[in-house]
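For the record, the sequence lines run as chains R and S.
Our numbering puts the first residue of the first sequence at 1, with every later residue one more than the last.
Our numbering puts the first residue of the second sequence at 1, with every later residue one more than the last.
Wrong hints could be hidden among the right ones.
To be verified - Chain S regions said to be covered by chain R (calculated; three or more residues, Cβ under 8 Å):
1) 15-26
2) 65-74
3) 123-135
To be verified - Anything over 12 Å on all C-beta distances counts as not near chain S; from chain R, calculated:
4) G28
5) A41
6) D65
7) D103
8) S135
9) F153
10) A168
Said to hold, decoys possible - One side of the interface only, derived from the structure: several residues of chain R facing chain S at Cβ under 7 Å:
11) V19
12) R23
13) T25
14) I29
15) A33
16) G48
17) P63
18) T72
19) T74
20) Y85
21) E86
22) T120
23) W122
24) P125
25) G234
If you are wondering where the hints come from, they were derived from the structure by calculation, not from laboratory data.
Cβ coordinates follow ideal geometry from the N, Cα and C atoms, glycine included.
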Amino acid sequence: MAEESEQSSGRPDPGTKPVHMGRRTVLGILGLAGIGIAVGAKVDNALGSVSSAVSNAIGVPLPGDDQFRFYTVTGSYPVIPADTYELTVEGMVREPLRLRLADLLSMKRTTLVHRFQCVTGWYVPNVHWQGVLLSDVLEHAGVAPEATALRFFSADGEYTESLTLAQAQRPDILVADKMLGANVTADHGGPVRLYVAPMYGYKSIKWLNRIEVTNQVVNGYWEDNGYPANAWIGGSSSVSVVP
Amino acid sequence: MSSDTELARFDLVERLVHWSTAIMMLTLIVTGAILYLPSLALRVGHRGLVENIHVITGLSLLGPLVLGVAGPWRKRLIKDLRRFDRWGASDFDWFRGPARRSGLPRDKFNGGQKIEAAFLGAVMVAALVTGVIMRFAPSSWITWATGATLVHDALFFAIVAAVIAHVAFALSRPDQLVSMFNGRIPRSWAKLHAGAWLSEVEVSKGEVSEADLAGPPGGSSP
C-alpha cells in the first residue's frame, strides 16, 4: 500500500504515500455541479420560500430565491413621476395616442398572475401583473393594414425592444402599470413597463414611453447583444399563460 | 550549499499563469457582483457592457493555464499541479492544526494549499460550464439554465470565500507572498515548512539528476 503508486511521477516524495486527493476534489465538485445543473430547477422550486425569507432578512440575493434581479442598461435609471408620465403610440396608426397614467387606468383592465422568467435561468413565480392589454392599446390607436411590427422605446434612451404585430395580438401581453400588487416601481421599470408573459424577461421592456407601429422588425437592445428576437420561453409559442 | 539562502519556488510561467488568472478572477468577481447584487446592478447599470466583460473574461479564464501547460515551458507548472493532486501523510496531517501536527516533513505545498488549489480549479471549470449554459444555451434548455443559474450563484459565494481566504493567507505569510512575485523563497522557510521539498531540491542540487532518481536503484550515477 505504501509505495504502490510511486511510479507515475517518478519523483520520490519522502513520507508520502500518494493519494490522488486533488483529482478527487475536482471530480467531486464537478459532479456536484453536474447534479446541480440537472436537478437545479426542482431544487430552485423547493428552495424558493426558504431562500427568499433568508434573502429578505440579510438583504443579499441567494441561490434559488424568488427575488427579482434588477437590470438597467444605462448608467442609472429613469425615475418618472406618475403624474407626468406619458406613453406615445405612433407610426402606422390611424390616430396617434398620448396616454397618461390616468388614461391607462380608465381603459379595460387585465390581470395576469404569471412567472417572470429570465433567459439566464432565474425566475420569480406567481407575479401579479395588471394593466391594459397591448392589443387593446393598439386597437385604440387603429393600426394601419400594412403594419407588421412594433418597436418599443424606453425612457432611459437606450433600451429598445420589438414584437411582430401578430405576437402583439396575444392575450398575455400587457402594458403594465401594476405588479406585485402595487404600482410598478422605478427599479422595476415603472410607472409603466411591458410584460410579455410568453417570452423571456428581456422582452418586457422597462420604463416604456413610446410604441412605434411599423412594417419591419428592428432588433432591440438585447437582440443586438446576441439574444433571439422571438424569445419564446422554452422555445415554443404554443403555451398560452391565459387559461 | 553556496546559494542556499534562497530557493527557486515558482518559475516565470507559473507566475504569469497565477497573476493573469488572478486578474481575470478579480474581474469576474467584480463584474459578477454587479450583475448579481441588485444594489450594485442599479448603481452601476450598463448591463450589456458589464455582461459582455464578464462573459468574455469567463471564456478566457482557463486560457493562461492551458497555455502554461501547452508548450515546452510547462515542466515546472506540471510538476506543481501534480503536487496538488498527490497527497501524502503530511498533507492530511496539516489539517490537525499547528498544535497537533506530528512534524512530518512537508511537500512544497501544504494540505490547505493543495485543497484550495484543487477547489479553485474545480470551481473555475464549474463556473465556466454553468456560465456557458446561462449565456449560450438554446431557449428550450430553460430548465437546465435554471439549474445552471442556481449552481453559478452558489459558486459566486464559494469563490468569493475561497479568494478571501487565499488573499488572507497570502498576506499573513509574506515569504510565500513575495515568492509569487519574484519566484524565490528563503531556504529557512523551506526548512521549517516544506522539509520534504527542501530535501528534494537539495538532492537535485547535489548533481543527482531526476533520471537517476526515476531509474532502478543502483543504476548509473555520475
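Results for each hint:
no., hint, result
1, 15-26, "violated (count 0)"
2, 65-74, "violated (count 0)"
3, 123-135, "holds (count 8)"
4, G28, "violated, 8 Å"
5, A41, "violated, 4 Å"
6, D65, "violated, 9 Å"
7, D103, "holds, 29 Å"
8, S135, "holds, 24 Å"
9, F153, "holds, 16 Å"
10, A168, "holds, 20 Å"
11, V19, "holds, 5 Å"
12, R23, "holds, 5 Å"
13, T25, "holds, 4 Å"
14, I29, "holds, 4 Å"
15, A33, "holds, 4 Å"
16, G48, "violated, 11 Å"
17, P63, "holds, 4 Å"
18, T72, "holds, 4 Å"
19, T74, "holds, 5 Å"
20, Y85, "violated, 20 Å"
21, E86, "violated, 24 Å"
22, T120, "holds, 4 Å"
23, W122, "holds, 5 Å"
24, P125, "violated, 11 Å"
25, G234, "holds, 5 Å"
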